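2 protein chains.
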Amino acid sequence: MVDLTKAAKGENLLFLTDDQLLQGIELMFFAYKGFTSDPDQILQNYASYGRAHHRALHFINRNPNITVNTLLDILGVTKQSLNRVLRQLVEDNLVESQVGKRDRRERNLKLTEAGQELERSLSDAQRKRMRSAYKAAGPDAVQGFRTVLQNIMDPKMKNHLE
Amino acid sequence: MVDLTKAAKGENLLFLTDDQLLQGIELMFFAYKGFTSDPDQILQNYASYGRAHHRALHFINRNPNITVNTLLDILGVTKQSLNRVLRQLVEDNLVESQVGKRDRRERNLKLTEAGQELERSLSDAQRKRMRSAYKAAGPDAVQGFRTVLQNIMDPKMKNHLE
DNA sequence: CTTGGAAAGTCAATAATACTGACGTAAATT
DNA sequence: AATTTACGTCAGTATTATTGACTTTCCAAG
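So the sequence lines, in the order shown, correspond to chains Y and L. As numbered in our numbering, the first sequence has no gaps in its residue numbers, which increase by one up to the final residue, 162. As numbered in our numbering, the second sequence has no gaps in its residue numbers, which increase by one up to the final residue, 162.
Warning: the hint list may mix true and false statements.
The list cannot tell twin chains apart, which means a pair is met if one copy fits it or any two copies do.
[What the hints assert, rightly or not] Okay, derived cross-link-like pairs now, DSS-like style, lysine-lysine, Cα gap no bigger than 25 Å in a straight line:
(1) K156 / K135
(2) K79 / K156
(3) K156 / K101
(4) K101 / K158
(5) K79 / K158
The set of hints was computed from the structure by calculation and includes no laboratory data. Computed from a predicted structure; not experimentally measured.
Starting from the given sequences, assemble the full structure and let the hints guide the process.
In structure tokens:
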């Protein structure tokens, strides 16, 4: 028996110690905090708007004509919770809600001009941070980043990653 | 002039398009959701306990005898917000608060036996998910994951990553 | 064509997390 | 002795989220 077994085993376990995992957990915590900080900062100027509004704007922008039910599935909140946010966005003319053509029970959501503008300003800040992080890390690191995040998330949610 | 310039440029820009960045943003959202879901689930059985309690338990466990001010810096919340959580944890005998020896104004926080037990059960669930994600992705991907997350987080917070 | 169920919206009550502002106490520092 | 730091607390408010109940509209299956 050669040493390879031992070496390979050691290498495999190296990044699976509790300490390495706890470090990864903290990395997720700190990174997510930074990740949300820029849009949060901007939204402080909009009274009664917060992270929930940003998320709705983001996913409506990414999925024009999305239905309420699909948006609920993506966000993972109750309809009562989403409804408060959506109602504000529609009242403020940032989101348009149109009766579905195939199924008139459905509502198709899309951003208005003003909605696109606000989404843009929030997205700009967030993309700037991501771009800088990607650039400094390089393509291979980005691929690893994407792979691990996909493994962390609920597989059922991968549908929504286009 | 050779094609190399063009090719290299193309490769550099490949992962920096708005769409790639937006995908990364969504990956962060979905992954963080999965990342917190297991502890959240467990804490549903503990009325009045939530994510904030988990975070406090985690960082006190990782930094025994941590002071309140340091914990405030790590968590990035106000002392009023942390105090509510800490008061509950101390009252429920999950956290011990000892007057500092060098500086008697400070309080050194540590987990009690019961605190360690609860932290363990929450950590187990979260580490299980991370371990599985790491294992499926492989060491190189994990390194990339770590690099990008470190680039996303606020540099000032890297002090707290041991 | 009626009935069952799906999609959306709403009202009400409550929970968890977080904030600002204002005080108070104790202890270290200047 | 005066100031600053660390901690704790009270009060009020904001944001996001929950459960539960009920309604309207409308598609689709019997």
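Outcome of the hint check:
When the C-alpha separation of K156 and K135 is checked against a cutoff of 25 Å, the pair qualifies only between copies, where the shortest distance is 20 Å, while the shortest distance within a copy is 30 Å. Taking the closest pair of Cα atoms, K79 and K156 come within 25 Å of each other only inside a single copy of the chain (19 Å); across copies the shortest separation is 38 Å, beyond that limit. In this assembly of identical chains, the alpha carbons of K156 and K101 never lie at most 25 Å apart, being 28 Å within a copy and 51 Å across copies at closest. Neither within a single protomer nor between protomers do K101 and K158 lie at most 25 Å apart by alpha-carbon distance, with minima of 27 Å and 52 Å respectively.
Taking CA atoms no more than 25 Å apart as the test, K79 paired with K158 passes inside one copy only; the shortest distance there is 21 Å, against 38 Å between copies.
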